[in-house]
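Asks: For chain U, the structure is supplied; the task is to place chain E on it using the hints.
Residue strings, one per chain:
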Amino acid sequence: MAVLTFEKTLGAHPFFKDLLPIHLDTVVGCAANVVFPAGEFIFREDQPADRFFVVRHGKAAVEIFAPGRGPVTIDTVEEGEVLGWSWLFPPYMAHFDVRALTLVRALSLDGACLRAKCEKDPALGYELMKRFNQVVVQRLEATRMQLLDLYGNGRG
Amino acid sequence: MATAAVETADGPGRATDPLRPEPFVVKQVTKEAGDTFTLALVPAAGGRFRRFAPGQFNMLYVFGVGEVPISISGDPARPELLVHTIRAVGTTTRALQKLGKGDQVGVRGPFGTAWPVDEAHGQDVLIVAGGIGLAPLRPALYHVLLHRGLYGRVVLLYGARTPKDILYARELRDWRSRFDLDVEVTVDRATMEWQGAVGVVTKLVTRAPLDPASALAFICGPEVMIRFAAMALQGRGVPDRRLFVSMERNMKCAVGICGHCQFGRHFVCKDGPVFRYDAIHPFFGMREV
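Note that the protein sequences, when read in sequence, are chains U and E. For reference, each letter of the first sequence is one residue, going 1 to 156 in the working numbering. For reference, each letter of the second sequence is one residue, going 1 to 289 in the working numbering.
Just chain U, with the same shape it has in the complex:
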């Protein structure tokens, strides 16, 4: 029953849209439901990034700790978004802290499990790589816009 729910949930998610049923089955096999109370860390910087998440409910902050300034939020991730790509790229370590701002319900996908399956099935690996690269590109564009400091006064 739970597997059916995962299939429906992941199959309906834009990130997994039009994924071949056989590939979706593989992804579903690595999925689990998780809940993070507000304030709990979902990722810690420099800790192994062995999972990624499809956020179903709530909001999480992507933070970096700046000495003298404390944690600075650089992005937030909300319902419908995919959180985490470090599981796909060596050294498979989280580069930022991610903290639940509210109660977060998510589907957790086992990165180590999926990497092994991608190695065995390059078509699945390529498909996931394309989709995660799209996420990375969107984040990169957003970061560049933030770096431009568009709303600043131009005097730094």
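Wrong hints could be hidden among the right ones.
As the list claims (entries may be wrong) - Among the chain U residues that face chain E by a calculated CB cut under 8 Å, a handful are:
no. : residue
1   : Ala61
2   : Gly70
3   : Pro71
4   : Val72
5   : Thr73
6   : Ile74
7   : Asp75
8   : Thr76
9   : Gly80
10  : Leu101
11  : Leu140
12  : Ala142
13  : Met145
14  : Gln146
15  : Tyr151
16  : Gly152
As the list claims (entries may be wrong) - For each label pair, taking beta carbons as the anchor points, the in silico distance ranges come out as:
no. : chain 1 : residue 1 : chain 2 : residue 2 : range
17  : E       : Leu145    : U       : Leu140    : 36 to 42 Å
18  : U       : Arg105    : E       : Lys252    : 52 to 58 Å
19  : U       : Gln47     : E       : Val224    : 54 to 60 Å
20  : U       : His13     : E       : Asp278    : 31 to 37 Å
21  : U       : Met93     : E       : Leu145    : 45 to 51 Å
22  : E       : Met231    : U       : Asp121    : 31 to 37 Å
23  : E       : Arg265    : U       : Ile64     : 42 to 48 Å
24  : E       : Ser177    : U       : Ala38     : 20 to 26 Å
25  : U       : Ala38     : E       : Lys27     : 43 to 49 Å
26  : E       : Gly90     : U       : Gln47     : 47 to 53 Å
27  : E       : His147    : U       : Glu79     : 28 to 34 Å
28  : E       : Thr191    : U       : Met129    : 30 to 36 Å
29  : U       : Gln134    : E       : Thr191    : 25 to 31 Å
30  : U       : Gln47     : E       : Arg207    : 24 to 30 Å
Everything labelled a hint here was simulated from the structure, so no lab data went into it. In this text, a Cβ means the ideal position worked out from N, Cα and C, and glycines have one as well.
Replies: For chain E alone, kept in the frame of chain U given last:
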């Protein structure tokens, strides 16, 4: 000499000299955020107020200093109070910042094109604002909310630099509490105290409740933001003809004579500042226009 037909308190059609500033008096100064402030002006004794359309701008003249184009940010249904939200970034705007209650300022206008609030009747309205770009959009939102029944879903997406830079914070809270308006605010960076969204405003566009076939989008902010917001809306399936943007250029005469604000074949002061996106899209991203 060029003249403009301006609707005044006494009715439409009074011919005025659009190149001659008329004296107004500062009635109220409100510090908004950082170097941004709002001036509420009323006509000097014997003067008349002028009706304006959402999106239009005035030329504000600080006597002996200079003149700058500033969008009207007040309520079009209350034209007796001329409201401008201004960011102090140059000589004249810094002089405006120093004005206090009772000080005089010269006003020419209103000038330019307006947000197509009538064309949007029966349709969804998506308002996308970045930074001080919320100011020229606020009159459109006032109008839409005053005539709420004439519109479908109304969504406001607003991006600011930090939580401290959010304009009209009290009004935003009021708007968020309404059941007939979706308001999403994001900031480019924040500390832990901020519980709202962090990220660029274009990210809000990608998840906004929106029917591409029946939505008109009004966009105002820095040009790069406008370009990326338009791209995000195109990605959602909203055609260019349904996107409207407000452009900022160095307006001087404000009546299409001097050419300072030329943008391609358009004069922003006369043909804009509000343009349909497909009319100016080719000029976006050009190094020199």
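Asks: It remains to establish, for every hint, whether it holds in the given structure.
Replies: For each hint, the structure was consulted:
1. Ala61: Where the cut-off is 8 Å and the nearest Cβ of chain E is about 7 Å from U/Ala61, the hint holds.
2. Gly70: 7 Å, holds
3. Pro71: 5 Å, holds
4. Val72: 6 Å, holds
5. Thr73: Holds, about 5 Å.
6. Ile74: Holds. Min distance 6 Å.
7. Asp75: 5 Å, holds
8. Thr76: 5 Å, holds
9. Gly80: Hint holds; U/Gly80 Cβ to chain E Cβ min 6 Å, cut 8 Å.
10. Leu101: Cβ of U/Leu101 sits 6 Å from chain E, so the hint holds.
11. Leu140: This hint is violated: U/Leu140 lies away from chain E, its Cβ roughly 12 Å from the closest one there, beyond 8 Å.
12. Ala142: 5 Å, holds
13. Met145: 5 Å, holds
14. Gln146: 5 Å, holds
15. Tyr151: 3 Å, holds
16. Gly152: 6 Å, holds
17. E/Leu145 x U/Leu140: 36 to 42 Å: Hint holds: Cβ distance 37 Å, inside 36 to 42 Å.
18. U/Arg105 x E/Lys252: 52 to 58 Å: 56 Å, holds
19. U/Gln47 x E/Val224: 54 to 60 Å: 35 Å, violated
20. U/His13 x E/Asp278: 31 to 37 Å: Since the Cβ atoms of U/His13 and E/Asp278 sit about 33 Å apart, the hinted range of 31 to 37 Å holds.
21. U/Met93 x E/Leu145: 45 to 51 Å: 49 Å, holds
22. E/Met231 x U/Asp121: 31 to 37 Å: 34 Å, holds
23. E/Arg265 x U/Ile64: 42 to 48 Å: 46 Å, holds
24. E/Ser177 x U/Ala38: 20 to 26 Å: This hint holds: roughly 22 Å between Cβ atoms.
25. U/Ala38 x E/Lys27: 43 to 49 Å: With a Cβ separation near 45 Å, U/Ala38 and E/Lys27 satisfy 43 to 49 Å, so the hint holds.
26. E/Gly90 x U/Gln47: 47 to 53 Å: 48 Å Cβ-Cβ, so the 47 to 53 Å window holds.
27. E/His147 x U/Glu79: 28 to 34 Å: 32 Å, holds
28. E/Thr191 x U/Met129: 30 to 36 Å: The hint (30 to 36 Å, Cβ to Cβ) holds, given that E/Thr191 and U/Met129 are roughly 35 Å apart.
29. U/Gln134 x E/Thr191: 25 to 31 Å: 30 Å, holds
30. U/Gln47 x E/Arg207: 24 to 30 Å: Given range 24 to 30 Å: holds, Cβ gap about 29 Å.
When each numbered hint is compared with the structure, violations occur for hints 11, 19.
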